[in-house]
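Visitor: In case you want the letters, here they are:
2 protein chains.
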Amino acid sequence: MSWKRWLLGTPLETHRFSEERLGIPLALAVFSSDALSSVAYATEEILLYLSLAGVAALAYSLPISGAIVLIMAMVVASYRETVYAYPGGGGSYIVARENLGVLPGLVAAAALLIDYVLTVAVSAAAGVAALTSAVPALFTHRVAIGLLFLVLLVVGNLRGIRQSGAIFAAPTYLFIAAMATMLVTGIVRTAMGLPPVEPPPAAVPDPTQAVTLFLLMRAFSAGCAAMTGIEAVSNGIQAIKQPESRNAAVTLTIMGCILAFFFLGASYLAHAYVVVPGAGQTVISQLGRVVFGMGPMYYVLQGATALILMVAANTAFADFPRLTSILANDRFLPRQLANLGDRLVFSNGILILASSAGFLIIVFGGDTHKLIPLYAVGVFLAFTLSQAGMVMRQLRRRKSHFRLHAAVSATGACATGAALLVIAFTKFLQGAWIVILLIPLFVFAFLRTHRHYFFVRQQLSLREIEPERPIRHTAIVPVSAINRATIYALRYAKSIAHEVEAVHIAIDPHRAELIREQWKTWGGTVPLRILESQYRSVIGPLVDHIDDLMHGRRRNEMVTVVLPEFVTAHWWEGLFHNQSAFLIKGALLFRPGVVVTSVPFHFSR
Amino acid sequence: MSWKRWLLGTPLETHRFSEERLGIPLALAVFSSDALSSVAYATEEILLYLSLAGVAALAYSLPISGAIVLIMAMVVASYRETVYAYPGGGGSYIVARENLGVLPGLVAAAALLIDYVLTVAVSAAAGVAALTSAVPALFTHRVAIGLLFLVLLVVGNLRGIRQSGAIFAAPTYLFIAAMATMLVTGIVRTAMGLPPVEPPPAAVPDPTQAVTLFLLMRAFSAGCAAMTGIEAVSNGIQAIKQPESRNAAVTLTIMGCILAFFFLGASYLAHAYVVVPGAGQTVISQLGRVVFGMGPMYYVLQGATALILMVAANTAFADFPRLTSILANDRFLPRQLANLGDRLVFSNGILILASSAGFLIIVFGGDTHKLIPLYAVGVFLAFTLSQAGMVMRQLRRRKSHFRLHAAVSATGACATGAALLVIAFTKFLQGAWIVILLIPLFVFAFLRTHRHYFFVRQQLSLREIEPERPIRHTAIVPVSAINRATIYALRYAKSIAHEVEAVHIAIDPHRAELIREQWKTWGGTVPLRILESQYRSVIGPLVDHIDDLMHGRRRNEMVTVVLPEFVTAHWWEGLFHNQSAFLIKGALLFRPGVVVTSVPFHFSR
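If you're matching them up, the sequences are chains A and B in order.
Numbering follows numbering that gives the first Met the number 0, in which position 536 of the first sequence is assigned residue number 535; successive positions increment by one, without gaps.
Numbering follows numbering that gives the first Met the number 0, in which position 224 of the second sequence is assigned residue number 223; successive positions increment by one, without gaps.
Because the hints were derived from the structure by calculation, they are not lab data.
Errors might be hidden in some of the hints.
[To be verified] When the alpha-carbon atoms are kept at most 20 Å apart in a straight line, the in silico EDC-like pairs for lysine to aspartate or glutamate are as follows:
#1 A:LYS493 - A:GLU572
#2 A:LYS519 - B:GLU564
#3 A:LYS493 - B:GLU556
#4 A:LYS493 - B:GLU564
#5 B:LYS240 - B:ASP205
#6 B:LYS493 - B:GLU564
#7 B:LYS584 - B:ASP543
#8 B:LYS493 - A:ASP546
#9 B:LYS519 - A:GLU572
#10 A:LYS584 - B:ASP543
#11 A:LYS493 - A:GLU467
#12 B:LYS493 - A:GLU498
#13 B:LYS584 - A:GLU572
#14 A:LYS519 - B:ASP547
#15 B:LYS519 - A:ASP546
#16 B:LYS369 - B:ASP329
#17 A:LYS584 - B:GLU97
#18 B:LYS584 - A:GLU564
#19 B:LYS493 - A:GLU465
#20 B:LYS493 - A:GLU572
[Unchecked claim] Here are a few chain A residues that sit away from chain B, every Cβ distance over 12 Å (derived from the structure):
#21 LEU403
#22 PHE454
#23 VAL455
#24 GLU467
#25 ILE470
#26 LEU489
#27 HIS497
Just so you know, these numbers come straight off a predicted model, no measurement behind them.
All C-beta atoms, glycine included, are put in the ideal place defined by N, C-alpha and C.
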């Protein structure tokens with residue numbers, strides 16, 4: 000396993016789990032990347048829909064971005080409430096479950112899990128788009144590059160987030176710097192009336208439809224993808240330095256301000272320079288060329304965009320396994336998801352997230368535009384439930400200024416709830432139906448899992464356990480040939496049971512006769528029973544015989560089937576031997592009171 | 000398993016294996032189909048190469064076919080010797096092994112196994128070509144149809160050959176009748192100077208090369224594919240009614256005559272009507288249209304061709320598993336291949352053959368022309384070795400007229416040996432290299448397998464087995480929680496060993512404390528040992544502890560690890576439980592003296 004160690008690092012001791020919390024600069028880098036990076040695709044999606052109605056409709060991108068920024072402000076304000084109320088981690092699942100009940104909690108959890116997968120898929124696709132805008136030759140390999148992107152994230156996350164945090168701070172700040180430079184330069188240039196350094200490549204296509212309310216709603220819905228990731232701070236609050244709540248609130252506010260500036264700035268510049276999606280380039284790439292020309296600054300901008308999208312995907316790699324482990328601890332998901340791996344990360348969750356996102360990238364051909372319609376439904380549902388939960392909490396607790404706090408949360412809840420309806424309505428046919436269908440299926444699976452663990456607990460309970468009686472034990476040794484392995488199995492059987500019986504299933508009568516003869520020498524005191532097999536099956540007659548033995552047994556009577564098992568020096572040599580032990584075990588697994596044991600016989604070569 | 004019964008029939012009792020042998024008419028149907036059906040592609044392959052040199056070169060098809068028929072006559076004569084010498088089954092492997100030695104025998108076996116796979120793939124591809132010639136709409140689905148073809152053969156053969164024999168007689172005789180009618184009608188029409196009913200569709204392309212010796216050799220090599228299958232009679236002789244040898248010899252002779260007529264007739268007609276491969280049709284299909292027009296007789300001919308090719312593939316389904324079972328009984332292949340399934344057929348061999356042929360059909364896109372270059376190398380190698388073996392046998396035994404008999408075999412051996420050199424030389428770059436590479440690899444694998452079984456036999460020998468001493472037995476019960484399953488496992492452990500020890504691997508110190516507390520109530524006399532696990536691994540500390548226990552043990556000291564195993568009512572519920580038992584078993588498998596037993600705990604729902 001040395002390559003595993005080299006790739007993932009040596010195991011970490013358990014007590015190191017709580018070490019190394021993040022200060023505000025690092026927390027901003029880790030938790031705001033998802034929201035900030037969405038500038039790379041959200042503005043573009045707005046323009047994509049508006050451009051259907053021609054160049055004049057592009058003017059609507061500013062008010063739409065403004066509306067999104069407004070909702071964002073409400074959500075940020077509302078989540079500031081959450082981080083103060085839940086300094087121990089206030090993900091939507093926890094808040095909704097505690098204040099609204101189990102079912103709303105599970106709905107929020109299902110919605111979030113789906114959106115985490117989409118965050119990874121969309122960020123990977125958009126990151127690849129940033130790369131292929133700068134290097135068009137890579138375009139045909141975008142699915143492969145997207146998957147490579149995932150592999151890097153998996154390795155980074157299996158090593159552990161604390162080391163990753165530092166690695167991922169640089170790209171976030173590089174992106175903030177590059178994007179701010181681009182926007183400020185662009186705004187100054189337009190204010191001074193300077194022409195673009197390089198003219199925008201894509202001509203606006205002729206309008207194919209009028210500016211309808213539905214079109215504006217679609218553009219708004221598409222832009223709402225920008226808001227995913229705001230909840231990241233409240234989820235990951237335990238990774239932030241104390242005082243967690245205050246630091247988290249500050250992080251949230253800074254993030255909101257930067258995002259509003261980026262979002263409005265990009266919309267303004269796209270409008271000013273008449274930039275629309277197309278020509279094999281992202282809108283940000285086109286803006287970069289318009290403002291900087293094809294110089295080094297342009298490449299820095301594209302590189303930083305690709306890198307921050309990777310960091311954004313990484314946010315989901317922190318949140319998804321954390322949520323699945325919480326759900327697993329609450330017995331809504333299999334318990335394996337609750338376990339910390341040997342690098343103190345939830346390895347199973349990381350792998351499930353990466354493979355689901357990889358599946359989406361392959362199915363949707365790594366195309367951001369095709370993935371976006373599935374996106375944001377889940378997050379807005381979780382937002383709404385979480386904030387509604389906060390309203391309930393404040394109304395119940397009635398602390399000082401509770402009316403004001405409840406009003407902040409309620410405003411957020413109403414805004415996101417309204418946005419959710421718009422998103423679900425306008426994106427339904429394009430893909431949102433998949434998510435709307437999956438959420439109840441997930442909730443159903445959570446409940447079934449919970450029920451299973453409930454029954455298991457009941458049946459494993461020690462209440463009314465029968466008093467111990469000594470077990471009456473019969474060992475059965477199936478014999479297909481008399482050799483060293485058989486003799487060892489027989490000796491083992493004699494050591495574990497008082498009654499031992501050898502059984503030969505006769506497929507070939509000559510062989511049966513030979514074994515009967517040899518048994519006189521080697522069998523000792525153990526009786527040999529020969530069972531006929533008309534149809535050359537070994538399993539059938541053996542199972543029938545054991546059923547006869549067990550018929551009418553008492554609870555303290557057991558049968559152990561002792562089989563010799565050949566352990567070969569090389570795995571492929573195992574192919575040279577019948578896997579009867581495996582089949583016998585499978586056939587007897589569901590018979591109470593029957594245990595199948597194999598005694599390994601080791602071949603030295 | 001009721002669907003399996005419905006598809007494959009109920010199990011057959013062992014004593015029915017020798018029932019129902021085939022008379023000459025059925026034997027001819029079963030064993031000659033491979034050779035006869037090759038008219039469907041062999042003539043076409045000859046013409047394909049000749050047509051490269053233009054229309055004048057097509058005249059060479061008659062002498063080339065004549066040369067092939069001549070070699071065929073020598074091979075038939077030589078195999079008549081074999082069926083008299085080996086009435087119990089004289090496949091090339093047996094004859095070569097017995098008279099030339101183990102290595103030539105294995106080379107023959109490898110060559111034949113490869114060619115059986117190719118017989119299936121080529122026959123399936125050619126059968127599909129016969130269908131798509133008549134119904135061009137099916138052409139795009141040819142790989143799928145080829146695979147369907149294989150599935151039907153697998154089902155038929157898993158049911159058993161005796162029933163299949165009767166089913167497959169009809170198509171063979173239908174083909175013989177349809178083909179004979181077509182050839183006779185065509186020959187009569189050309190003799191009377193009548194024009195074609197429908198003109199041949201494909202124009203002869205302009206010559207791209209001259210008639211060289213190499214071109215003629217390539218055409219000859221391609222046509223040699225017609226000869227595969229002649230050895231089928233000598234392999235399957237035990238399925239023929241007594242007197243087997245005489246009946247087999249008669250079958251061989253009839254087959255040779257029919258094949259010679261078909262082969263020469265088809266070449267003559269193709270030459271007379273200037274028919275060349277192409278236009279999405281096989282040559283036989285073009286001849287059928289030329290002679291019959293697009294009437295019912297044409298469709299009967301195409302249907303019969305497709306059906307006999309299926310029967311031809313079926314020959315390999317009888318021979319391949321028979322040969323693998325002989326090799327397995329001689330310990331050159333895994334023993335599983337020696338076993339008769341519950342329908343008295345060698346199920347494993349049938350499945351391996353079908354999947355290998357399916358693989359070839361997929362890789363070569365179901366195209367006969369691409370498969371042919373791999374074909375015939377194996378069979379001619381096996382022919383040559385087998386006949387050389389017969390020469391040795393006759394020279395050693397010196398029975399009456401042995402010189403004459405040896406001369407017959409020697410002539411056959413020389414003819415096929417020369418043909419083999421021509422085939423290997425002319426087809427090498429087009430695909431024969433694959434076969435020439437595979438044969439030594441197969442032989443190497445046979446020898447390695449044999450060596451493995453030799454070592455196994457040695458190590459399983461009862462010689463010098465230590466005298467029995469009572470086993471000193473310690474049972475270890477890993478405890479992760481105290482529940483009913485743990486208690487049952489503990490009771491089981493107490494029933495099989497005098498010393499029992501419970502072990503808890505402490506990942507969470509609180510949990511460890513809880514278990515230590517509960518143990519006072521439930522542990523009874525069994526001591527509990529708590530092992531620390533710094534890196535949250537259960538396996539590591541347990542294995543280390545067992546290694547400590549086993550350190551310096553004597554040969555009669557053993558450790559049995561007793562694990563509770565959760566058996567859930569539905570298989571998918573198994574996903575809800577850690578598969579630690581499996582991992583523990585894997586980790587301890589290679590430690591001598593350690594047995595891992597799981598005690599099933601059954602959940603009722």
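Visitor: A separate judgement is required for each hint: does it hold in the structure or not?
Guide: Hints versus structure:
no.: 1; hint: A:LYS493 - A:GLU572; verdict: violated (30 Å)
no.: 2; hint: A:LYS519 - B:GLU564; verdict: violated (37 Å)
no.: 3; hint: A:LYS493 - B:GLU556; verdict: holds (14 Å)
no.: 4; hint: A:LYS493 - B:GLU564; verdict: violated (24 Å)
no.: 5; hint: B:LYS240 - B:ASP205; verdict: violated (54 Å)
no.: 6; hint: B:LYS493 - B:GLU564; verdict: holds (17 Å)
no.: 7; hint: B:LYS584 - B:ASP543; verdict: holds (14 Å)
no.: 8; hint: B:LYS493 - A:ASP546; verdict: violated (24 Å)
no.: 9; hint: B:LYS519 - A:GLU572; verdict: violated (47 Å)
no.: 10; hint: A:LYS584 - B:ASP543; verdict: violated (28 Å)
no.: 11; hint: A:LYS493 - A:GLU467; verdict: violated (23 Å)
no.: 12; hint: B:LYS493 - A:GLU498; verdict: holds (16 Å)
no.: 13; hint: B:LYS584 - A:GLU572; verdict: holds (19 Å)
no.: 14; hint: A:LYS519 - B:ASP547; verdict: violated (40 Å)
no.: 15; hint: B:LYS519 - A:ASP546; verdict: violated (38 Å)
no.: 16; hint: B:LYS369 - B:ASP329; verdict: violated (35 Å)
no.: 17; hint: A:LYS584 - B:GLU97; verdict: violated (42 Å)
no.: 18; hint: B:LYS584 - A:GLU564; verdict: holds (12 Å)
no.: 19; hint: B:LYS493 - A:GLU465; verdict: holds (16 Å)
no.: 20; hint: B:LYS493 - A:GLU572; verdict: violated (36 Å)
no.: 21; hint: LEU403; verdict: holds (41 Å)
no.: 22; hint: PHE454; verdict: violated (6 Å)
no.: 23; hint: VAL455; verdict: violated (6 Å)
no.: 24; hint: GLU467; verdict: violated (6 Å)
no.: 25; hint: ILE470; verdict: violated (4 Å)
no.: 26; hint: LEU489; verdict: violated (9 Å)
no.: 27; hint: HIS497; verdict: violated (10 Å)
Violated hints, listed in ascending order, are 1, 2, 4, 5, 8, 9, 10, 11, 14, 15, 16, 17, 20, 22, 23, 24, 25, 26 and 27; each of the other numbered hints is respected by the structure.
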